[in-house]
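K.L.:
Below, each chain spelled out in residue letters.
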Amino acid sequence: MVMEIKDQDYSVVYDEASATITCDGLMRLRGTEEYAPIVALLDQVKDLAPATITLDVQNLRFLNSSGINVLFKFVIDVRELGKSELVVLGSSLVPWQGKSLKNLQRLMPQLRLKFI
Amino acid sequence: MKFELSQFWQLGDEKMEKTFGEFLEPCDEYEYLVIHFSPTSMPLQQRWRNNGLSADFLSEYWATFLPTGGGPTEEQRLEFKGAVNYIANELLENVMKFSYEPADYPVSLGLYLFSDEFRFYTSNAMDPQQVDEFQQRVQRLLEEDPAELYLEQIEKNALGDGGGSQLGLLTMIGDYGATLSWRFKTFECKSGEATVVTTMVRLQF
Chain B
1 MVMEIKDQDY
11 SVVYDEASAT
21 ITCDGLMRLR
31 GTEEYAPIVA
41 LLDQVKDLAP
51 ATITLDVQNL
61 RFLNSSGINV
71 LFKFVIDVRE
81 LGKSELVVLG
91 SSLVPWQGKS
101 LKNLQRLMPQ
111 LRLKFI
Chain L
1 MKFELSQFWQ
11 LGDEKMEKTF
21 GEFLEPCDEY
31 EYLVIHFSPT
41 SMPLQQRWRN
51 NGLSADFLSE
61 YWATFLPTGG
71 GPTEEQRLEF
81 KGAVNYIANE
91 LLENVMKFSY
101 EPADYPVSLG
111 LYLFSDEFRF
121 YTSNAMDPQQ
131 VDEFQQRVQR
141 LLEEDPAELY
151 LEQIEKNALG
161 DGGGSQLGLL
171 TMIGDYGATL
181 SWRFKTFECK
191 SGEATVVTTM
201 VRLQF
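So the sequence lines, in the order shown, correspond to chains B and L.
As numbered in our numbering, the first sequence has no gaps in its residue numbers, which increase by one up to the final residue, 116.
As numbered in our numbering, the second sequence has no gaps in its residue numbers, which increase by one up to the final residue, 205.
Hints are computed from structural coordinates only; laboratory data are not their basis.
It is possible that some hints are incorrect.
Said to hold, decoys possible - Computed far set for chain L versus chain B, every beta-carbon distance over 10 Å: (1) Leu24; (2) Glu29; (3) Leu66; (4) Ser115; (5) Arg119; (6) Gly168.
To be verified - Pairs of lysine to aspartate or glutamate, DMTMM-like flavour, derived with a Cα cap of 25 Å: (7) B:Lys99 with L:Glu155; (8) L:Lys156 with B:Asp77; (9) B:Lys83 with B:Glu34; (10) B:Lys114 with B:Asp47.
To be verified - A few chain L residues that face chain B, going by a derived Cβ cut-off under 7 Å, partial list only: (11) Gly52; (12) Leu78; (13) Glu79; (14) Tyr86; (15) Pro128; (16) Ile154; (17) Ser165; (18) Leu167; (19) Asp175; (20) Gly177; (21) Ser181.
Where a beta carbon is used, it is the ideal one built from N, C-alpha and C, also for glycine.
The shape of chain B in the complex, shown without the other chains (with noise of 0.2 Å):
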């Protein structure tokens, strides 16, 4: 099964056989609003809680504060669900990332963030 959102800008795509959500592109969408299928999408993975979810951002150039949020509230959903590992793959040449990501480990200590 493979779940995806596509726009211009961005794709959101789950890949069921390796347990992977990949985010690319440029997300500057408005609010919780325009963020809604995509937290639908990561809510769905979630449920299906796989042993490991691998969260790849690595070609997620820009991210508002707004795609933040929605990415705190996916792993602290996924930390209160208790099911699944948590490993995020971030790029070091992306610079929100390096600021950002790191705010991940602070909601859930045992989460892999690997900057590639």
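We have chain B; now place chain L onto it with these hints.
P.N.:
Leaving out everything else, chain L in the frame of chain B:
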């Protein structure tokens, strides 16, 4: 010359001015660039897309002014561009989200280059009903530990009702090390009273 609101807009007599944090008046003694527009001249959705364009342009443009030769490395340049892009975009999103339409007051984003820092200024009219609450919020941002406030807000948002994330200012402080301050000016205007808030963000480099 000081940057005066009345340069662009006919407002009545100033009734009250209040500042939070170390607010410094914008001045044109240094290099600066100001984007100034009416938030209601086109649909918000259409205007929203321009935020990204403006932030991309501003970050590319100002990165060329960073000293070269023994100056910043490519990595520092990339980091500077990322910071300007993120902060400019967040500030533009905020002025659009919180601009008070009945006041019909234009919004602006100005970027000023100094020898050792970069200053962003945004201005917009606020809903008079939201001024007190916002002032209480900025007071907390100035007085409390930003890291704790940041975590508190994230946990609150995760349980929340889908309102605004309120993470824009917190990420600027917590993730980008920016220093924020505010000036509120209340004026008489045709529709009664209007409060114009100017947010100043200082980014050291």
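K.L.:
Checking one constraint from the list: CA of B:Lys99 to CA of L:Glu155, max 25 Å. Satisfied?
P.N.:
The given pair, whose Cα atoms are some 19 Å apart, holds under the 25 Å limit.
K.L.:
Run the distance test for L:Lys156 versus B:Asp77: straight-line Cα separation, threshold 25 Å.
P.N.:
With Cα atoms ~12 Å apart, L:Lys156 and B:Asp77 stay inside 25 Å; holds.
K.L.:
If you take the shortest Cβ to Cβ gap from L:Ile154 to chain B, is it below 7 Å?
P.N.:
holds (5 Å)
K.L.:
Against chain B, is L:Ser165 within 7 Å by beta-carbon distance?
P.N.:
Given a least distance of 4 Å, the restraint on L:Ser165 holds.
K.L.:
L:Arg119 clear of chain B by more than 10 Å, beta carbon to beta carbon?
P.N.:
Holds, since 19 Å exceeds 10 Å.
K.L.:
Holds or violated: L:Gly52 as interface residue toward chain B, Cβ cutoff 7 Å?
P.N.:
holds (5 Å)
K.L.:
Just to be careful: measuring from the Cβ of L:Tyr86 to every Cβ in chain B, is the smallest value less than 7 Å?
P.N.:
holds (6 Å)
K.L.:
The hint names L:Gly177 as touching chain B; please verify it with the least Cβ-Cβ distance against 7 Å.
P.N.:
With a closest approach of 9 Å, the L:Gly177 hint is violated.
K.L.:
So L:Glu29 supposedly isn't at the interface. Is its beta-carbon more than 10 Å from every beta-carbon in chain B?
P.N.:
holds (30 Å)
K.L.:
Interface hint check: L:Asp175, Cβ to nearest Cβ on chain B, cutoff 7 Å. Holds or violated?
P.N.:
holds (4 Å)
K.L.:
The hint names L:Ser181 as touching chain B; please verify it with the least Cβ-Cβ distance against 7 Å.
P.N.:
Constraint on L:Ser181 not satisfied, violated at 19 Å.
K.L.:
Can the hint on L:Glu79 be confirmed by a CB-to-CB distance to chain B that is less than 7 Å?
P.N.:
holds (5 Å)
Of the hints listed earlier, those the structure fails to meet are numbers 6, 9, 15, 20 and 21, in rising order.
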